[in-house]
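Asker: Sequence:
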Amino acid sequence: MKSGKAVSPDDIPVEVWKCLGEAAVEFLTSLFNRVLESEKMLEEWRRSVLVPIFKNKGDVQSCSNYRGIKLMSHTMKLWERVMEARLRKVVEICEQQYGFMPRKSTTNAIFALRILMEKYRDGQRELHCVFVDLEKAYDKVLREELWYCMRKSGVAEKYVRVVQDMYERSRTVVRCAVGQTEEFKVEVGLHQGLALSPFLFAIVMDQLSEEVRQESPWTMMFADDIVICSESREQVKENLERWRFALERRGMKVSRSKAEYMCVNEREGSGTVRLLGEKVKKVQFKYLGSTIQSNGECGKEVKKRVQAGWNGWRKVSGVLCDRKISARIKGKVYKTVVRAATLYGLETVSLRKRQVSELEVAELKMLSVSALNNSQPSPSTNKFIKKAKQTHWYITEQFSRSTQAMNSNFTEYTIAD
Numbered sequence: 037m038k039s040g041k042a043v044s045p046d047d048i049p050v051e052v053w054k055c056l057g058e059a060a061v062e063f064l065t066s067l068f069n070r071v072l073e074s075e076k077m078l079e080e081w082r083r084s085v086l087v088p089i090f091k092n093k094g095d096v097q098s099c100s101n102y103r104g105i106k107l108m109s110h111t112m113k114l115w116e117r118v119m120e121a122r123l124r125k126v127v128e129i130c131e132q133q134y135g136f137m138p139r140k141s142t143t144n145a146i147f148a149l150r151i152l153m154e155k156y157r158d159g160q161r162e163l164h165c166v167f168v169d170l171e172k173a174y175d176k177v178l179r180e181e182l183w184y185c186m187r188k189s190g191v192a193e194k195y196v197r198v199v200q201d202m203y204e205r206s207r208t209v210v211r212c213a214v215g216q217t218e219e220f221k222v223e224v225g226l227h228q229g230l231a232l233s234p235f236l237f238a239i240v241m242d243q244l245s246e247e248v249r250q251e252s253p254w255t256m257m258f259a260d261d262i263v264i265c266s267e268s269r270e271q272v273k274e275n276l277e278r279w280r281f282a283l284e285r286r287g288m289k290v291s292r293s294k295a296e297y298m299c300v301n302e303r304e305g306s307g308t309v310r311l312l313g314e315k316v317k318k319v320q321f322k323y324l325g326s327t328i329q330s331n332g333e334c335g336k337e338v339k340k341r342v343q344a345g346w347n348g349w350r351k352v353s354g355v356l357c358d359r360k361i362s363a364r365i366k367g368k369v370y371k372t373v374v375r376a377a378t379l380y381g382l383e384t385v386s387l388r389k390r391q392v393s394e395l396e397v398a399e400l401k402m403l404s405v406s407a408l409n410n411s412q413p414s415p416s417t418n419k420f421i422k423k424a425k426q427t428h429w430y431i432t433e434q435f436s437r438s439t440q441a442m443n444s445n446f447t448e449y450t451i452a453d
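Numbering (this note's numbering), first residue to last: 37 to 453.
A couple of the hints might just be wrong.
[To be verified] Below, in silico cross-link-like pairs of lysine to aspartate or glutamate (EDC-like), each with a Cα-Cα straight-line distance of 20 Å or less:
#1 Lys155 to Glu383
#2 Lys339 to Glu394
#3 Lys221 to Glu383
#4 Lys113 to Glu80
[As the list claims (entries may be wrong)] Restraint ranges, calculated between C-beta atoms of paired labels, are given here:
#5 Gly159 to Met37: 45 to 53 Å
#6 Lys371 to Gln97: 34 to 42 Å
#7 Phe63 to Asn92: 39 to 47 Å
#8 Val214 to Val43: 17 to 25 Å
Hint data in this document are derived by calculation from the structure and do not stem from the laboratory. Bear in mind that the values here come from a model prediction, so they are computed numbers and not experimental data. Ideal placement from N, C-alpha and C gives every residue a C-beta, glycine not left out.
Using the sequences and the accompanying hints, generate a full structural model.
Answerer: In structure tokens form, the structure reads like this:
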């Protein structure tokens, strides 16, 4: 765990265990063994603080635009890491799941989708894609469904009981700017912000979609973000309905407002896709933070990355423009906040000279305003662009060598003559 994290009601930060060194290892080993043997965790671990975090989009007064993050015991999170490591040894998640999996990230999922679309454009054939998101996915996971999915995945009954105990008698309070609520019970959903929750959610999604994946194999998932692809509009409509039925009958709910549709090499009159009678929007789509265009261009994505870079720059402009702060610290802040936002997802596209020029101009302007272009050579423009290109070459090579980077139905596809 990283240092500097907000603490739970037990007020024991992870720094305590780091400072104690070997003594902490011995104590925690003994404690975790007792928890595993008794299948009962400490009562202090059951209490948490729920903090609503604004998603930076939509109406600030709407509760639906906030994500609730639970502040729970750091010691419990260390225990969860132990449990997660054991569960990952026995549970095998499908290759279509890119979220919370080792050696997989948003970059792999974005690149996989882009290269699939590129194959169809080269072959002048239609590819229909529907992007689906689940409403409050973590909060809607039924506890009984979670236990069932764990058992079906081959998790030992003892581990199931240990995880069950983590959710027994859990209590929380909501903390916001105006104060704190009274304590209340939490009896549904996964704990947001815990170390084990992402993998538990991956187990649930894997089991809930097991049957439908066989009927709709051209699918990618990143946690609750689902991409359904097919060569025909009618087929993608059928697959969308299969997914909706499979998920909603087990407690999940497909977001009608967030579902979107895109067609590659669209012919005139290709029609629309509907979800329970509602027309699914046909647009360019922002998939995992990266703008996907049906024509395969990345010009809009580059412009959005430049804009994201400037947004990040404005957030830390007080540091970057302060003459009292050293160039070394400014350089670190710049690379961590501004450059990371600008480079995100660009390793999945092939940049043209004009787009490289746009990035170079934006970088030089931000460095110039921050007075970093002369005094701090490390965040240079050449390194800025070179990093994106090198990463693009790397993931292209990895993708071509490994069928694990994508569903085998995609990688084995070749355009018919």
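Asker: It remains to establish, for every hint, whether it holds in the given structure.
Answerer: For each hint, the structure was consulted:
1. Lys155 to Glu383: Given that 20 Å is the threshold and the Cα spacing comes to 18 Å, the pair holds.
2. Lys339 to Glu394: holds (8 Å)
3. Lys221 to Glu383: violated (44 Å)
4. Lys113 to Glu80: holds (13 Å)
5. Gly159 to Met37: 45 to 53 Å: holds (48 Å)
6. Lys371 to Gln97: 34 to 42 Å: Because 35 Å falls inside the window, the suggested range holds.
7. Phe63 to Asn92: 39 to 47 Å: With Cβ atoms ~41 Å apart, the hint holds.
8. Val214 to Val43: 17 to 25 Å: Since the Cβ atoms of Val214 and Val43 sit about 21 Å apart, the hinted range of 17 to 25 Å holds.
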